[in-house]
Structures are given as C-alpha cells and as structure tokens.
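Novice: With these hints in hand, go ahead and build the complete structure from the sequences.
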Amino acid sequence: MRSALPQWEPAQLPACGSPDRWGWLQQLRNLPELDPEPWLLALENGSLSIAPDLLAVLAERLDPPAQLRLLRWWRQQPDPDPGLPSQVLRHRDGASAAWLQEQLAPGPVALGFALPLSALPQVVAAALLPLLGHQRQVAAWPVLLCWMRAPIATPLRRAALEGVARGLSVWPRSQLVAGLSALAGDLDPQLAAPAVDLLARLPGARRALVPLRRCGLDPRVAERLGRRLAATPAQPLLLVVHGRAGGQLPAELVALAAELECRRGAPVRLQALSAAAPAAVPAVASELLQPGQVLGLVPLLLLPGGHVRHDLPAIVRHWSAFARVQHWPFLGAWPRWQAALARELAGLAMQDARPLLLHHPLEGPLAARYLTTLERRTGAHCVATPYSAEHLAELKLTLAAPALAAPALPLALAANRLTDQLAEQVGPPLLQRPGLRQLLLAELEALP
Amino acid sequence: MEPLAKPSKIEQAKAELCGLDLAPRLGDLASQGWESLDEATLTIRLKWLGIFFRPVTPGRFMVRLRLPNGVISADQLELLAEVIDRCGDQGSADITTRQNLQLRGLLLEDMAPLLQALEAGGLTSRQSGHDNPRNITGNPLAGIDPEEIVDTRPLVEVIQARLLGPAGPRNLPRKFNVAVGGAPDSFLLHNDLAFLPAEHNGQLGFTVLVGGFFSAQRNELAVPLGLWLRPEQLADFTLALLCHFERHGNRQQRNKSRLMYLIDQLGIDAYREELVEAFAEPVHPHDGSHLVSRAPRSGLGVHAQKQEGLHWVGLHVPMGRLDAASMQELAALARTYGSGELRLTEAQNALIVDVPCARIEALLAEPLLQRLRPDPSTLQAEAVSCTGNAYCSFALIPTKGVAQQVLEELEQRIELPEAVRMHWTGCPNACGQPYMGQIGLMGAKARKDGQMVEAAKIFLGGSMGAEPKLAELHEKGVPLSDLADVLELLLLEQFGARRREPAGF
Chain P
1 MRSALPQWEP AQLPACGSPD RWGWLQQLRN LPELDPEPWL LALENGSLSI APDLLAVLAE
61 RLDPPAQLRL LRWWRQQPDP DPGLPSQVLR HRDGASAAWL QEQLAPGPVA LGFALPLSAL
121 PQVVAAALLP LLGHQRQVAA WPVLLCWMRA PIATPLRRAA LEGVARGLSV WPRSQLVAGL
181 SALAGDLDPQ LAAPAVDLLA RLPGARRALV PLRRCGLDPR VAERLGRRLA ATPAQPLLLV
241 VHGRAGGQLP AELVALAAEL ECRRGAPVRL QALSAAAPAA VPAVASELLQ PGQVLGLVPL
301 LLLPGGHVRH DLPAIVRHWS AFARVQHWPF LGAWPRWQAA LARELAGLAM QDARPLLLHH
361 PLEGPLAARY LTTLERRTGA HCVATPYSAE HLAELKLTLA APALAAPALP LALAANRLTD
421 QLAEQVGPPL LQRPGLRQLL LAELEALP
Chain F
1001 MEPLAKPSKI EQAKAELCGL DLAPRLGDLA SQGWESLDEA TLTIRLKWLG IFFRPVTPGR
1061 FMVRLRLPNG VISADQLELL AEVIDRCGDQ GSADITTRQN LQLRGLLLED MAPLLQALEA
1121 GGLTSRQSGH DNPRNITGNP LAGIDPEEIV DTRPLVEVIQ ARLLGPAGPR NLPRKFNVAV
1181 GGAPDSFLLH NDLAFLPAEH NGQLGFTVLV GGFFSAQRNE LAVPLGLWLR PEQLADFTLA
1241 LLCHFERHGN RQQRNKSRLM YLIDQLGIDA YREELVEAFA EPVHPHDGSH LVSRAPRSGL
1301 GVHAQKQEGL HWVGLHVPMG RLDAASMQEL AALARTYGSG ELRLTEAQNA LIVDVPCARI
1361 EALLAEPLLQ RLRPDPSTLQ AEAVSCTGNA YCSFALIPTK GVAQQVLEEL EQRIELPEAV
1421 RMHWTGCPNA CGQPYMGQIG LMGAKARKDG QMVEAAKIFL GGSMGAEPKL AELHEKGVPL
1481 SDLADVLELL LLEQFGARRR EPAGF
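Going down the list, the sequences are from chains P and F. According to my numbering, the first sequence is numbered sequentially starting from 1. According to my numbering, the second sequence is numbered sequentially starting from 1001.
Careful, some of the hints might be misleading.
The following residues of chain P were derived to be distant from chain F, with all beta-carbon distances above 12 Å [claimed, not checked]: (1) 56; (2) 333; (3) 368; (4) 392; (5) 438.
Computed spacing ranges between beta-carbons, pair by pair [claimed, not checked]: (6) F:1204 <-> P:17: 21 to 31 Å; (7) F:1447 <-> P:155: 26 to 36 Å; (8) F:1017 <-> P:155: 34 to 44 Å; (9) F:1017 <-> P:294: 50 to 60 Å.
Worth flagging that the hints you see were computed from the coordinates, not collected in a lab. Just so we're clear, the structure is a prediction, and the values are computed from it rather than from any experiment. All C-beta atoms, glycine included, are put in the ideal place defined by N, C-alpha and C.
Specialist: In structure tokens:
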C-alpha cells in the first residue's frame, strides 16, 4: 500500500487562511502518487475538516471506491455541504450509481418534511439528482421522471430535470419525449424552457417540437420554441400524389401544399404520378434547395400498388441525380395515418355493421398482406373497387341497398371518379374530412 | 544515472491515445452512447477537441474555440449564440484574455452537432486546451488600425494552419502561448513565444522573444532570443520551436514544464543554437529591440479606421461575459451597421468594425449599448477577470461577481480621470494575469473578527509600456468586505481619483 510522505500528511496541512495553504495544496496536487487513505480517515474521524480548496485537490485523486466512501461520509453529516457531491462524484461507476439510486429511488416521499433521522434533506436530494443523471444508467430514468413530475418545490424538479439533461441520450426515447413534452407545458417557465431545449437536442427534434406550437405555452417558452425550430429549418418537400386525367392536380392537394408550405416555412411542391416527369428537374431542384439541403420526398399514396412499387423508385432515382433525397414511406404505411383512419371509421360506425374501406384493386402478395394489416388496425373490411363506370354503378346500387347498411370510406385523398360518382354513399374524399386533413398536415409539418 | 521517474497519469493518458483521434469517432459516440468513454478520455483527451469536463458541474461541459487574432463574423457569433441559448440558465460565453471565446453549460449530446456546425461555419475548437498551442493572438485592430505597423491577421492565420496541420505538435509537455504584435501597443511579453515588429537593416520583420508565462510558482516576461525573422518565416519557425519543445520539454514535473524552464536548463545561447539548427533556414541575429513602445489601447468608443470614412466602435463587455441574447444582438449590430465582422480583445471586450460615419449615431442609440457601453466608467473600462469559483475549483473567490460588485461600488464613490488596468484573478495560478495590471487582485483568505473570510491580495505597479514591469505585492489579504474601501484609498492616493460630491450637494 502506498504511504503518504510525512510532509504531506493531513496533520501538516496549513490552516485555512494561512498564506502557505494554497501553495501547499498545489504541491500536494502535483505529487505523482497520492494515497487518499489518510485523508479519508482524517475526515471520518473528525481530525480534519473539509474545505473547498482541499476538496478540489483530493477529488482529482479519488478512485471510484474512495469517492463513494467520501459520499457516504458526507451523507452522514448533520449539515452536509451541497457543493461536495458534484466535486467528488466525477467518475461514473456502478457502485456510485447504485448508491445514488438507493438514496433517490423512494422519490419525494423520502424528503420527510418532519425530518426523521432517515429522511432525505431537500438539499441532499437537489445535490444528488443531477449526478444520478451524470451516471448515465438507464435504471435511473423512472426515478428522475418521478422527481421531475412530482408536485414539489421547483428547485427539486429542476434538479431532476438537470439529471435528465446530463444523461439525455440514455433514457428510453419515447418516454423521454412524452415526459419532456408534458413538462414543456408546465406553468413554470423554469421547467418548461429547459424541457423545450432538451427536446430540441433529440434526433428528429422537429417531430417533438412542432406539436408544442399548438400547446398554449408561456410566451417566453413559446419564443424559445420558435428559436429552436428556426435552428432546425425544415427541408423542402416534394409530395408525390395521384393526379387526375392529364396530370391535373386536385384542388384539395394544392390547398394542402400551400398551407403546409406556410406552416413549415420551406418550399413544398406537388408532383402528380399521372403527369410526365418535370423536364426541368435540375432547375427546380436548384430553386428548391439551398446548398447542403436535402429534399424530402413524400409519397402521398395510400396503397402499395404499382405506383409505389414501380413508379416511385423511378421518380426517386430521377430526383436523386440532381439532389440529395430523403425518401419517406408511402402514406398508407404510416402508423399514425392508419390510426387516424381507424378513428374516422369509428366515427362512422353503425351498430353491428363492420365499416368498409373502398380501395382501388391491388395485386400480389405484398398488397394482400398490407390489406390484412390495414383491416386489423382499422377494424374495417377492405373492398376492392374497380373505377370503371360499370363497376361504380353496380357498387352504387349495392351500397344503397338497405340490407347492407354498412358505412363506407373511400381510400382516396382527393376527389376522383369513385368519390365523384358515389358522393352520397361514401361521402367526401379523405382530405375533405377535417380530422384526417389536420392529422396529415401535422405529420407533414413535423417532418425534418 | 538516475532512473527515469514514472510518467504522470496525464503523460500516460496522452501517450496512450491522442485526443485528436477521437474526432472521427464523435458521431459514433453520439449514437452509441457517451457512457463508453473512459475517465481519462472524458477529462483529458477531449480537450484536444476543445471539449472540457468541468469538475464543478460534471455532465455540463465547456467548449473553447480558436479565434485567430480574435476575429469573428456575425454569422459565427450567431451560431455560437444559438448553442448557448439551448443551455438556458447554464449557458454563457466568456471572452478570454487570449481574444477567444469559451462556451459553458453544454451537454455531451451537443458535441457532435456542434463540432460539425463549427466546421461548416469556418470555426474550430481543435487543440484549444491542455498541452497544446493555445489561441494565437494578434493586434485586435489588425487591418483597420491607423497606427498599424504590420497586419497580423495573415501571419496568425498561417501560424495556426501550420500548427494544426499534419506536422504540428500533438503532445506538448505543457500548454504554449504564441502571439504576433503589429502595433506600437502590442504588449505580448506574457507569451511563451512572442513576435514583435522590429527592423533589421531597414527591413521590417520580427524579433523573437521567448519564455513568458505566469503561474503560481513563477512569473516571467519573455526575453529576447536574439533572432530576427522575415514575416514569411514566422510559421515555420514557430513549428520548429514547438517541435523542439515537444522533444525536449520537461515531462516529469508539470509545474516546471513551461518553456522558460527548458530555456533555463539549456541556457539562452544554447537554446538559440538548437533552434537555429532545427529551423534550418537562414536567420539574422538581433538585439531584441522592437517597435512596441506603449501599453495597449483599450479600443473602446468610436475611432477612425485607417480606411477613410470608416470607424470601429469598441464595446465594453462587463467581465467579458456574454449571454445568448447579447451575442445575438451584437451579431445583428455588426451586420446592420458594419461589415458583419467583430474583433475580440485581450481585455475581454468586443469591437464592431467598418462602421460608416453616417451610421455611428444610430449605432450608439441601440439599446444593447446601454449594457455593452462604448464609454464605460474609467474603473470598468480596463477590468479583466478570470472565471472565478463559479466554474473553477481552485479559485478562492467568485472573481467576476466580486469584481463587478466592487467596481460598481467604487463608481458611486469616486471619479477616476483615466482608466486604470485592473486584473482580477481567483487564485495564484494567475489566469486573470494580475501581474500585468496597474492594480492586480488575487483571491485569498484572511482573518477578520476572528473568522476566516474571502479576501484579495493586492498587487501594484504592473506596466505594459516601454519598460515592462510585473506588479508587486502590496497587500497580503484584504477581506472582500473591506476591498472597496481599500481600493478607494489607493485610487485616491496613487491614481488621481476624486471623491464624488454626495448626492444633493
């Protein structure tokens, strides 16, 4: 075991205020080897009092077991210095993390406002919560969340939030987003503002931040949110859509793109599948994109038919020759879209009648699997509906029959032959339905 | 022969892995989790990327940039403002005594995107801490100074490029400060290596001074090396000198590892000979005389540039500390009224440059200038401070806060005809350069009424003029509660201050 050189023993430490003390401590700091044992012993037996200057030197030389030993000693003090743990607990190690967890796991109930002997003083909890986060152990997440949400004094909740900050990338992502999003709406800006800032650091931050714009935040927090969003500018988007005959763009989609462009503050363009590929793609790409920007290509297509499987890859290839393209899955595959369809259908539901989803006929095993999944997620029955005049006329009669009495929803974003001819039976296309339109706008707005 | 001492933990960590090798891994670390970093990497090696673990706030990091010659654009300042704005109350930026900026309150998760953004914005934080060549300073008025002898900006840029290039040092025994002077007031003798403008046979070049540094153990002004260089030789000579230091500097005792100790060991003549041999280019002997003749100007207020019709406006940044909002506003003002460029000074202030005559009045009316004043009191104008114990374990007092409070108190009591350079530092490590001040203040402890209290030592007489001199100890320990009274008396007796008339008279 290393032994302290006699001149560097605790008993030789010049008293606080002595002109020799700072230099003595710096020499101690520069010793190639320093055995902390005599120092810890002297603290524990009360022959030495801890002062910030001594602590700054000792803390650099403590290994994890020694740092934990000093913390345990500190925790037993009747009037513990709240500044000590952060200086001492610089190493991340399992034993220290477990000790912190043990102290804080009971949650705010451990505060013991009546101060029984075993109670956790507030000052101790506030000092330890950030350090629990610094340890970056995923098991600490529920503890930090509990303290962060509890109806306790703001400094303690802030300390828990600081713990969340210091281990940010370790926590379960969806729970983290939910927890921080809830806190962003807190009435106390001291909690809400850092919550917004932490959300802004997460990958794909726009998805978490954009919904907060509609949450009625404190004005200062809303300003902060605006700054965070401005720092993650939206990509230009290219929405690939079904056109009508001759490549004409349906009015619903044109209106959607215009509103989206306004909300994202970035260009949004439509490309109809039925139209010829724009000849001036290079010029359009350079008009849309700033240097270094990526073009988000979003297929607003509801089914994995031939367009998705064949036409779309060709479009992506075409644009990729002139721009960096981020290609998103087709809309029909988005879980939130499917959930919104289910909600829309639930609103149409009639007793004992399973609703129908009328879709353009599809071929192949992929399409079959998709339809099965969609039925499971929406509770509807998918019905293939050829768009020929003959088939539509027949369907019109079928749907009008009182014996069927099942509500039907057309799987068409914008008006087409199906919705034109069966308007009374199937109602408006999906983008003319407020819930679905708002959902789609919000999802597109939140894209990078 | 004595056996070699075992290398210190720091030397071991440096030898095992250079922090620069972490740069390509930052993205992976961000995605795989920073938990995988060992402590030596976290607390030592990351400093090679400019990332500083802060013992007072484990988990909240500092990033120190490199701003050669203290030049920064409005776009770059805005980028940095956004970074610290995301850190909320914990975020701030300090202008350093090396014309640099350091950002506080950052999380590890900020690092990968920040370093990418810095690169995209033409900035770097590389090798800005620990045993590396630190930010290279130059004349803050370079290129706009009517009194300019030589524009230091291109020289500083080339030196930085050389030192950070593939041949540059990656494992010095200790930190290293380099500076280039370009005006009659370029006081640079506190640097390990200073190039001061000097003539040789009618040709303008630089005389070389070496070995300046301040520490708790020893304070030295740089001494003439006895060489004169042409401007185009500075970068290669600096590289040769640093590579020599890398090979021969003391790695056994960190408190005796600055360049001056190597010079002591070799003797200045032998040291010069070794450098001349290592440099391998013709150099001229020189007597060390130079064209620097007076203490630095503050640069505050409105001043005509050498370009007709343009001015710089020097703004006082209290204690060098900026918050995100001030940085945003400062950037906007530089863009609106000037060319979008700013300069940072060693006195921790900021200059907006290239302001046309017609825009000066409007700039002076901007609300930000009520906080960052072009005409601060003579007490505040040249006050410099280290970080203090808010962020540094070794500071004995909260330096910036105390300094600000005491100066505001003195402003109420006295009028000072001319600015007095006051340097505040929290401990004997002397980061706030107290020995360079006309008045130097250093954190200490003292006994008052039987209690041990925070205090300050007072040093007097530092000069950065034609006859440079380090300040000397005047008072051993004045309790902070008495400091305003003691300083008031000093300023009245020795610096020509006058008591203000009491209000109502």
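Novice: Could you let me know if the closest chain F CB is still more than 12 Å away from the CB of residue 368 of chain P?
Specialist: holds, 37 Å
Novice: Please check whether the beta-carbon of residue 438 of chain P is more than 12 Å away from every beta-carbon in chain F.
Specialist: Given that every Cβ of chain F is farther than 12 Å from that of residue 438 of chain P, nearest at about 30 Å, it holds.
Novice: Measuring Cβ to Cβ, find out whether residue 392 of chain P lies farther than 12 Å from everything in chain F.
Specialist: holds, 51 Å
Novice: 34 to 44 Å was suggested as the range; check whether the CB atoms of residue 1017 of chain F and residue 155 of chain P agree with it.
Specialist: About 40 Å separates the Cβ atoms of residue 1017 of chain F and residue 155 of chain P, which means 34 to 44 Å holds.
Novice: Tell me if the beta carbons of residue 1204 of chain F and residue 17 of chain P are separated by a distance inside 21 to 31 Å.
Specialist: violated, 53 Å
Novice: Does the Cβ-Cβ separation between residue 1017 of chain F and residue 294 of chain P fall within 50 to 60 Å?
Specialist: The hint (50 to 60 Å, Cβ to Cβ) is violated, given that residue 1017 of chain F and residue 294 of chain P are roughly 34 Å apart.
Novice: Take a quick look at residue 56 of chain P and tell me if its Cβ sits farther than 12 Å from every Cβ on chain F, holds or violated.
Specialist: Violated, because the least Cβ-Cβ distance between residue 56 of chain P and chain F comes to about 3 Å, which does not exceed 12 Å.
Novice: Against chain F, does residue 333 of chain P hold up as non-interface, every C-beta pair farther apart than 12 Å?
Specialist: Fine: 25 Å to the nearest Cβ keeps residue 333 of chain P off the interface.
Novice: At the C-beta level, are residue 1447 of chain F and residue 155 of chain P separated by a distance inside 26 to 36 Å?
Specialist: Between residue 1447 of chain F and residue 155 of chain P, where Cβ atoms are some 34 Å apart, the hint holds.
Checked against the numbered hints above, the structure violates hints 1, 6, 9; every other hint is satisfied.
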